[in-house]
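Chemist: All chains, full assembly: derive it from the sequences and hints.
Those protein sequences? They're chains A and B, same order as listed.
The first sequence lines up with residues 1 to 233 when you count with our numbering.
The second sequence lines up with residues 1 to 250 when you count with our numbering.
It should be emphasised that the hints constitute simulated quantities derived from the structure, not laboratory data.
Watch out, some of these pointers could steer you wrong.
[Unchecked claim] Stretch-level coverage of chain B by chain A, calculated; a stretch enters the list once three of its residues show a Cβ under 8 Å from a Cβ in chain A: (1) 103–110; (2) 140–148; (3) 159–166.
Remember, predicted model here, so these are calculated numbers, not experimental data.
The beta carbon of each residue, even a glycine, is placed where N, CA and C say it ideally should be.
The lines below spell out each chain.
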Amino acid sequence: MNSKEKTESTSSKKWMKILIPLVGIGGFGAVAIFGAFFAFIITAWWGQPIPILGFEQTVEQPISFPHTIHASTNQLEHVSENGDPIMGLGMDCTFCHRTVTKQKNAGVPPVALCTTCHSVIGSKDSIALSNVRKAGGIEGNDPQPINWKRVHRMPDHVRFVHEPHIRYLLENPDTIKNTTSGVKEGAAGVCSTCHGDVASMEQVAQVEALKMGQCVDCHRDNGAPTDCAVCHH
Amino acid sequence: MTTAEFGKQNWGMVVDIDKCTGCQACVLACQSENNIPLNTQNRFERARAISWIRVERYWEGDFPDVHARFIPILCQQCENAPCEPVCPVYATYHNSEGLNIQVYNRCVGTRYCANGCPFTVRFFNYWEPVWPDSLRNHLNPDVTVRSRGIMEKCSFCIQRIRRGVRTANKENRGIVDGEIQTACSQACPTSALVFGDLNDKESKVSKLKNDDRNYKLLPHLNLEQNVTYLAKVDPEKKIESHSEEAISHE
Numbered sequence: 001m002n003s004k005e006k007t008e009s010t011s012s013k014k015w016m017k018i019l020i021p022l023v024g025i026g027g028f029g030a031v032a033i034f035g036a037f038f039a040f041i042i043t044a045w046w047g048q049p050i051p052i053l054g055f056e057q058t059v060e061q062p063i064s065f066p067h068t069i070h071a072s073t074n075q076l077e078h079v080s081e082n083g084d085p086i087m088g089l090g091m092d093c094t095f096c097h098r099t100v101t102k103q104k105n106a107g108v109p110p111v112a113l114c115t116t117c118h119s120v121i122g123s124k125d126s127i128a129l130s131n132v133r134k135a136g137g138i139e140g141n142d143p144q145p146i147n148w149k150r151v152h153r154m155p156d157h158v159r160f161v162h163e164p165h166i167r168y169l170l171e172n173p174d175t176i177k178n179t180t181s182g183v184k185e186g187a188a189g190v191c192s193t194c195h196g197d198v199a200s201m202e203q204v205a206q207v208e209a210l211k212m213g214q215c216v217d218c219h220r221d222n223g224a225p226t227d228c229a230v231c232h233h
Numbered sequence: 001m002t003t004a005e006f007g008k009q010n011w012g013m014v015v016d017i018d019k020c021t022g023c024q025a026c027v028l029a030c031q032s033e034n035n036i037p038l039n040t041q042n043r044f045e046r047a048r049a050i051s052w053i054r055v056e057r058y059w060e061g062d063f064p065d066v067h068a069r070f071i072p073i074l075c076q077q078c079e080n081a082p083c084e085p086v087c088p089v090y091a092t093y094h095n096s097e098g099l100n101i102q103v104y105n106r107c108v109g110t111r112y113c114a115n116g117c118p119f120t121v122r123f124f125n126y127w128e129p130v131w132p133d134s135l136r137n138h139l140n141p142d143v144t145v146r147s148r149g150i151m152e153k154c155s156f157c158i159q160r161i162r163r164g165v166r167t168a169n170k171e172n173r174g175i176v177d178g179e180i181q182t183a184c185s186q187a188c189p190t191s192a193l194v195f196g197d198l199n200d201k202e203s204k205v206s207k208l209k210n211d212d213r214n215y216k217l218l219p220h221l222n223l224e225q226n227v228t229y230l231a232k233v234d235p236e237k238k239i240e241s242h243s244e245e246a247i248s249h250e
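Modeler: Shown next, in the form of structure tokens:
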């Protein structure tokens with residue numbers, strides 16, 4: 001009887017020697033995982049989520065429209081077929097987003113505006129451009145609007161209007177934040193305050209969190225009303 | 001005043017009951033302007049229909065001398081609103097424009113405010129709003145679609161006020177009287193509903209508010225409403241005794 005108890009206790013001691021480190025490692029691991037998870041939640045709560053695991057604040061468009069070539073005024077990263085450096089076209093933002101200085105929405109242009117240039121300009125081999133021409137009815141007989149995906153989306157209970165914001169920023173150039181690598185004159189120079197340097201983005205991503213705190217801070221700093229019903233109605 | 005500053009106006013309305021014919025055009029205009037869910041038979045039967053403005057009908061007299069009397073009832077935008085202090089989350093409050101604001105994203109749906117309102121013009125969304133496919137694109141993009149579980153009420157077409165103020169600021173001028181109209185006052189065929197700025201002493205609504213016929217609903221509650229009414233002029237009403245004496249004296 002005595003010897004049996006002894007063997008049991010020795011075997012349990014052996015087990016404890018394995019179990020205690022295992023529990024310790026497991027505990028630390030669990031704490032680390034929970035910590036990382038809460039850190040992720042808190043960063044997402046205060047600003048934007050860390051751009052991993054599909055939380056990148058960008059959307060793949062049906063036609064990969066490069067803002068760099070169209071809007072940038074700097075030299076582009078890639079070179080032409082002859083090896084010459086390419087400069088961005090430096091188009092004004094309002095050339096395509098035409099309603100931004102007059103209305104609520106910035107507006108996405110009709111395909112007709114794209115095909116004004118791209119019926120002639122651009123490589124014949126480019127898949128993206130041939131899709132634009134198909135959508136515009138230049139190639140084939142099936143013209144269709146392009147289903148652009150929205151990148152900057154406000155919640156449904158927020159009523160944001162572009163027009164007064166652009167008017168204010170144009171009147172008060174000191175309040176413009178971020179710098180753009182595109183056109184700096186006129187309405188195109190103020191977009192970077194909320195949208196970042198879109199002219200240097202191959203695929204547009206949301207860089208500012210655009211949460212209510214940011215709206216209210218800016219409204220308070222610039223003497224704009226901070227009444228709820230200014231935006232929520 | 002060169003620009004329309006925020007909070008310089010006090011929006012109000014005067015409803016001339018003498019002009020109201022009970023045609024319900026205001027009700028329909030409100031429903032389509034403010035994305036109000038369709039009131040189906042089921043909702044009416046449960047007394048849970050939503051209509052920010054309603055035309056109440058009263059019968060007077062006995063058959064065959066029966067007269068219908070109409071009175072449009074909308075949110076009275078009370079300065080001493082009974083709905084405001086009861087809200088636990090500050091979702092309803094009075095702003096500097098004289099409007100009783102309902103903040104949809106703050107509301108948690110306690111329904112205390114609806115119980116406090118003596119005019120029953122606050123409505124609770126018991127269901128998720130649904131529209132048939134044919135009406136899919138009819139929604140007003142300037143108005144939030146209220147989801148299930150939150151209160152809603154007449155906002156004095158705040159989206160139109162915002163648009164009017166924005167236009168005035170853009171053109172660097174003050175707001176012209178009559179420039180901003182609510183959906184109901186715009187739709188009214190007899191102009192019984194007049195909307196405007198009560199701080200502007202020259203506005204149509206301020207002048208009507210000083211009219212002798214002007215009265216407030218439920219005056220004993222001291223609600224200081226921004227919506228007032230003009231009493232009905234009844235041509236068939238018999239002249240009161242003292243005025244009869246006055247006539248006989250002459």
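Chemist: All hints, please: hold or fail.
Modeler: Status of each hint after checking the structure:
Only residues whose beta carbon comes within less than 8 Å of a beta carbon in chain A count, and the region 103–110 of chain B has 4; three or more means the coverage holds. Beta-carbon proximity to chain A at under 8 Å applies to 5 residues in the region 140–148 of chain B; the threshold of 3 is reached and the given coverage holds. With 3 residues having a Cβ less than 8 Å from any Cβ of chain A, the region 159–166 of chain B passes the three-residue criterion, so the hint holds.
In the structure shown, no violation is registered for any of the earlier numbered hints.
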